[in-house]
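J.: Chains as they are written, first to last, in our numbering: chain A, 1027 to 1293; chain B, 477 to 750; chain C, 692 to 1004; chain D, 12 to 275.
Hints were generated in silico from the structure; no laboratory data involved. All C-beta atoms in this analysis are idealised placements derived from N, C-alpha and C, irrespective of residue type, glycine included. Take the hints with a grain of salt, since some may be wrong.
[Said to hold, decoys possible] A few chain C residues that don't get close to chain D, going by computed Cβ distances all over 10 angstroms:
| # | residue |
| --- | --- |
| 1 | Arg700 |
| 2 | Leu706 |
| 3 | Phe707 |
| 4 | Gln775 |
| 5 | Gln793 |
| 6 | Lys901 |
| 7 | Leu905 |
| 8 | Arg906 |
| 9 | Asn918 |
| 10 | Asn992 |
[Said to hold, decoys possible] Calculated cross-link-like contacts (lysine to aspartate or glutamate; reagent style DMTMM-like; alpha-carbon spacing at most 20 angstroms):
| # | chain 1 | residue 1 | chain 2 | residue 2 |
| --- | --- | --- | --- | --- |
| 11 | D | Lys198 | A | Glu1029 |
| 12 | A | Lys1282 | D | Glu205 |
| 13 | D | Lys43 | D | Asp265 |
| 14 | A | Lys1282 | D | Glu262 |
| 15 | D | Lys198 | A | Asp1216 |
| 16 | B | Lys639 | A | Glu1256 |
| 17 | B | Lys485 | C | Asp895 |
| 18 | D | Lys198 | A | Asp1251 |
| 19 | B | Lys479 | A | Glu1029 |
| 20 | A | Lys1145 | A | Asp1134 |
| 21 | A | Lys1154 | A | Asp1224 |
| 22 | A | Lys1087 | A | Glu1175 |
| 23 | D | Lys118 | C | Asp895 |
| 24 | D | Lys261 | A | Glu1256 |
| 25 | A | Lys1145 | A | Glu1201 |
| 26 | D | Lys241 | D | Glu205 |
| 27 | A | Lys1111 | A | Glu1029 |
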Amino acid sequence: MIELKQVSKQYRVKDRQRSKLKVNAVHQVSLALCYQKSYALVGESGSGKSTLARLIMGIEKPTNGEICLDGRNIALMRSRELRLKRAEVQMVLQNAQSALDPRLSAYDSIAEPIRCLTKTDKSGERSKVFEFAEKVRLTSEQLRRLPHELSGGQQKRVCIARAMSVSPKFIVFDEAVSGLDVTVRKEILDLILQLKKDGIGAFLFITHDIDVALYMADQLFVMKDGSIVEWIENAASYDDFHHEYSRQLIQSLPPKSPNYRKESVNR
Amino acid sequence: MIKKLLKSKQAMIGLTLIVLVTLVALWAPLIAPHDPNKIDVLNRFMSASSQYPLGTDQLGRCVLSRLLIGASYSLGIAVPTLLVLGIVGLTLGTASAYVGMRWERVFLSICDIFMAFPALVIVLSLIGALGQGLLSILLAVAFSLWAWFAKVVWSYARMEISKDYILAAKIAGCSDRRIILYHIIPNIFPQFLVYLSTGIAGMIIMISGFSFLGLGFEAGTPEWGAMLNEARSNFYSHPELVFYPGLCVLITAAGFNLFGEALRDMISPEEVNE
Amino acid sequence: MVVFFKRCRALIITLFGVTALSFLMANISIVDPAEAYARNIFLHPTEEQIVQIRNEMGLDQPLYEQYIQWLGSSLRGDLGISLQTKNTVVSDIGQKLPITMQLVSLALLWVVVLTIPVSLVAALRQNSWFDHLVRVATILGASLPNFWLGFLVLLFFAVTFPIVEVVDGNLVSLVFPSLVLATPLASISIRLLRATLLSNLNKDYVTYAKARGLRNGRIVWGHVMRNSLPPLVMLFCQYIGHMLAGSAIVESIFSMQGIGTHLVDAIMARDLPTVNGCVLIIAMIFVFGRTLADIINKRLNPRMINRDEVLYD
Amino acid sequence: MKEVLKVSHLYIRLKRALDQPIVNNASFSLQKGSALAIVGESGSGKTLTCKAVMRLLNARQFNISGSIRYNGMDLLEMSEKKIRALCGSKIAMVVQNPMTAFNPTVKIGAQMAETLRVHQKLRKKAAYELGIHALERMNLPRCEQLMNSYPYVLSGGMLQRITIALALIHEPDFIIADEATTALDVKNQQMVLEEFEKMKRRGIGLLLVTHDFGVAAKLADDMLVMRRGKIIERGTVYDLFSAPQQTYTKELLDASMLRKEKCM
């Protein structure tokens, strides 16, 4: 269970006149995410959704409020304890290429959390890496390659396998499919859904695309300027969105078919 | 990486030169035809002959033997100093970049002070303190160059730390030590190696420059810069005595520079895509 | 304004550190400066004479007090009296520095004149014969010990082809020494600029500039060159300080009386006031060079907030 | 309808590997006031095709054959000077990543003004005013301040609208939009697409390059599907949406639309 209680995060930025400004990246967000369900978070760029992900992972400290993992406030955890918590809550970063150490083979990247967070011997590690590599459909030949020898989709799959290799209870995907080709995007999304069906980790899927969010989860959050403006349970279609801002987002989606143009001409 | 290196002509020429000079430095006492310090006043300024392949100098010493021995002085100082500097630079640079905050600022101001301090003064004072000789040159070079090394490592490490994969490693549960040893250092190492390689070249030139000014080695030491210095009084009548030692410095430095630059071309992406 | 203050503070801290270090370095020497000075005056100084001189020079006081005293007087522009020449250190430096400055500025001029066109042509015609030639030549140039190069130049122009009077005091005679001094720096900076130019030429903004219809000359001079200069400026300004100290070798070959040889002589004679004075001046020029580089780079690239992020080797 | 661009039998090869063309026999044409969408995944050669039209490919690296005609003139055989005069005035481009398209060290205004002054004789001040005017027409806020800011302080959406403003100033005959909305979020994408729609109405031809069928659905009249350098399917946008012939096209369409089928 991940709980956020009135969490705010402020950044200090300098504006053009070099005077300091405080910017609320996340403003008084309260959330409760349980490890059995999957969630999706929608917002445009600059809405603070990435900051929220970083806060949950303990990479950044909130200015106000508490973040609790299983009832323990992460601000009060020692760095070692927080580190070991990563075995339960993992994250997949936005840009797969830069998220992989360029000098480590795909195998080593996937094995890293196992080495750091669990006490598994070499053969156990090996079987685990291969197990997850198979799940994300990477061949053993591809496991030997370095990141730059893999395609964008393959890199992404390495990242997903890495996040899952310690069998976490919860995975945060931060814009995991933006910038990918549509076919690759579909492939990755289906992969994640399949994995969830197999019972490996529930997730929070952060995206700017309502289509993707709807595709991925039933529990949707809509975020705007650091606050959560709408929370929908069991969302199935656009009709479930009621907040004005959510409607705006839906309005700005590209059409599903060109036929609407014919209609507007005929009218 | 290594395969690419073997393919590059430039790197291979550089490496050959380095190996050649290293071998000479190691085996100089065995291959030198004469005792490099044997003074023979009767045979001064002899031109090249089968007995003295490169002739003799102003004191009748065999030039070739002295040049061969000279290699061990240059490399003997440059390489160990560099190892020390490399370790110091890597530790201080990565550590301060990783810790950040106040440490980083203190580290940077100390670096600034040492970088602003003319190396020549450090060398001279240390020689004054410890007397002429290898140790003081070694210390002096280390003392005057460490800040450059540390700061270069720091700037590389800083760049690396801001990248996503370090964050990903943290999320993967790596400890700080593991991030530094397993991620940061291996990733900055190629760049660092380039800097080291060109650094050796600079250092060899620097050392011979000092001994050219009469600093560091006692008179009569068969070091290239010192030989040049001794030969300068007879420069107009016997320019070849000046020519040889300088050529040796050039060849050694060029070896390291060629190798280092070939390495740099390899790791910087814009050079690769034609 | 805040930035200006911060920079001044950094400047002052560095200068403090450098002078303190210089004091410390001078003091770890086994050779007693008082004794050295005494030998300068008397042929065989007695113990009392040395002690007396030590007292007169204030060398019996603890190091930090000497430092504070020196600091106090140097703030008033008084760097003491040279033990060697018996002139004030300031006047000595005032006499020698211009010679070296002439040498160094001419050398820097050479570097600029060589670097910009050569690296530009090499970068624009990547992998042409000219590019390859430049790459080989610059590696050789960076590997050339400049004392040796100095001798070769002397040999060539003074002995084999005695067209020009090489060892003399006028501006023409500065040409060769400055060229010798400029060679290594020019080689390094050509390589550096060529590499940065190449990486900038491959950037998106060049493509878009072409798509907007800008002509190549405009793109190269107005955009690519401008963006490639900061590393070079930094290297360049850092080298000014180095060159001042490093000019000792060139000055010695071409028998010039500049600050480099002056410093070497002073250290040899344990002339502490002169050493400290020279170190202060050289460090000051180095630090000012760096600051200048920062200011120029900030103008060239406004995004560069932290100057330390751009250290170029 | 007037044909503004006609590409026929275009081959692009890398000089290093001449036997494998990266763009293989591409032919298409673009009418005034209509939009042609080239759809394909990355690596399908669509971006290269666009760059070839604007002659942005390095002649030492690429071998280009075929013909690209603009109003009857072959762009491939034109002199460098002439082609640069056309680019940015009669042929304009909207880039994939607006964040890296501008020189980060030069203010927006200066970069706009220099573009204007290349194509028409203008004083600096007049060029600035024209630039501000163009930005105002895009409904951008505080245009004078925009002209005075550096590219890195602006958001991607903002920069993309600036590139569009810049593209429109000289009333171009057609605009090449290479993945112009990929780097933007939905709201900015919407705004950019609406601008494109206005352009179409003004009679400007539009060459849209995208991997998203949604973008094509909004704007395109005709579509090409490219895969591995070859055009594998072409037709009107309605045909391709309702009855795609190739399985690859179907795949792309499905993947773009993300139909929710998980309730199975």
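J.: All hints are to be evaluated individually against the structure, with a verdict given for each.
T.: Verification of the supplied hints:
1. Arg700: Holds, since 27 angstroms exceeds 10 angstroms.
2. Leu706: Its Cβ never comes within 10 angstroms of chain D, the nearest being 31 angstroms, so this holds.
3. Phe707: Non-interface label stands for Phe707 of chain C: nearest chain D Cβ at 34 angstroms, farther than 10 angstroms.
4. Gln775: holds (50 angstroms)
5. Gln793: holds (34 angstroms)
6. Lys901: Non-interface label on Lys901 of chain C violated, nearest chain D Cβ at 6 angstroms vs cutoff 10 angstroms.
7. Leu905: Check fails; 6 angstroms does not lie beyond 10 angstroms.
8. Arg906: violated (6 angstroms)
9. Asn918: It is violated; Asn918 of chain C is separated from chain D by about 6 angstroms at its closest Cβ, not greater than 10 angstroms.
10. Asn992: It is violated; Asn992 of chain C is separated from chain D by about 5 angstroms at its closest Cβ, not greater than 10 angstroms.
11. D:Lys198 / A:Glu1029: violated (30 angstroms)
12. A:Lys1282 / D:Glu205: holds (16 angstroms)
13. D:Lys43 / D:Asp265: violated (30 angstroms)
14. A:Lys1282 / D:Glu262: holds (15 angstroms)
15. D:Lys198 / A:Asp1216: violated (26 angstroms)
16. B:Lys639 / A:Glu1256: violated (33 angstroms)
17. B:Lys485 / C:Asp895: violated (32 angstroms)
18. D:Lys198 / A:Asp1251: holds (14 angstroms)
19. B:Lys479 / A:Glu1029: Answer violated: Lys479 of chain B to Glu1029 of chain A is near 52 angstroms, above 20 angstroms.
20. A:Lys1145 / A:Asp1134: Answer holds: Lys1145 of chain A to Asp1134 of chain A is near 16 angstroms, not above 20 angstroms.
21. A:Lys1154 / A:Asp1224: holds (16 angstroms)
22. A:Lys1087 / A:Glu1175: Since the Cα atoms of Lys1087 of chain A and Glu1175 of chain A sit roughly 36 angstroms apart, the hinted pair is violated (cutoff 20 angstroms).
23. D:Lys118 / C:Asp895: With a Cα-Cα distance of about 16 angstroms, the restraint between Lys118 of chain D and Asp895 of chain C holds, given a limit of 20 angstroms.
24. D:Lys261 / A:Glu1256: Violated: Lys261 of chain D and Glu1256 of chain A sit about 34 angstroms apart, past 20 angstroms.
25. A:Lys1145 / A:Glu1201: Roughly 31 angstroms separates the two Cα atoms, so the pair is violated.
26. D:Lys241 / D:Glu205: violated (30 angstroms)
27. A:Lys1111 / A:Glu1029: holds (15 angstroms)
Hints 6, 7, 8, 9, 10, 11, 13, 15, 16, 17, 19, 22, 24, 25 and 26, counting from the list given before, are not met by this structure.
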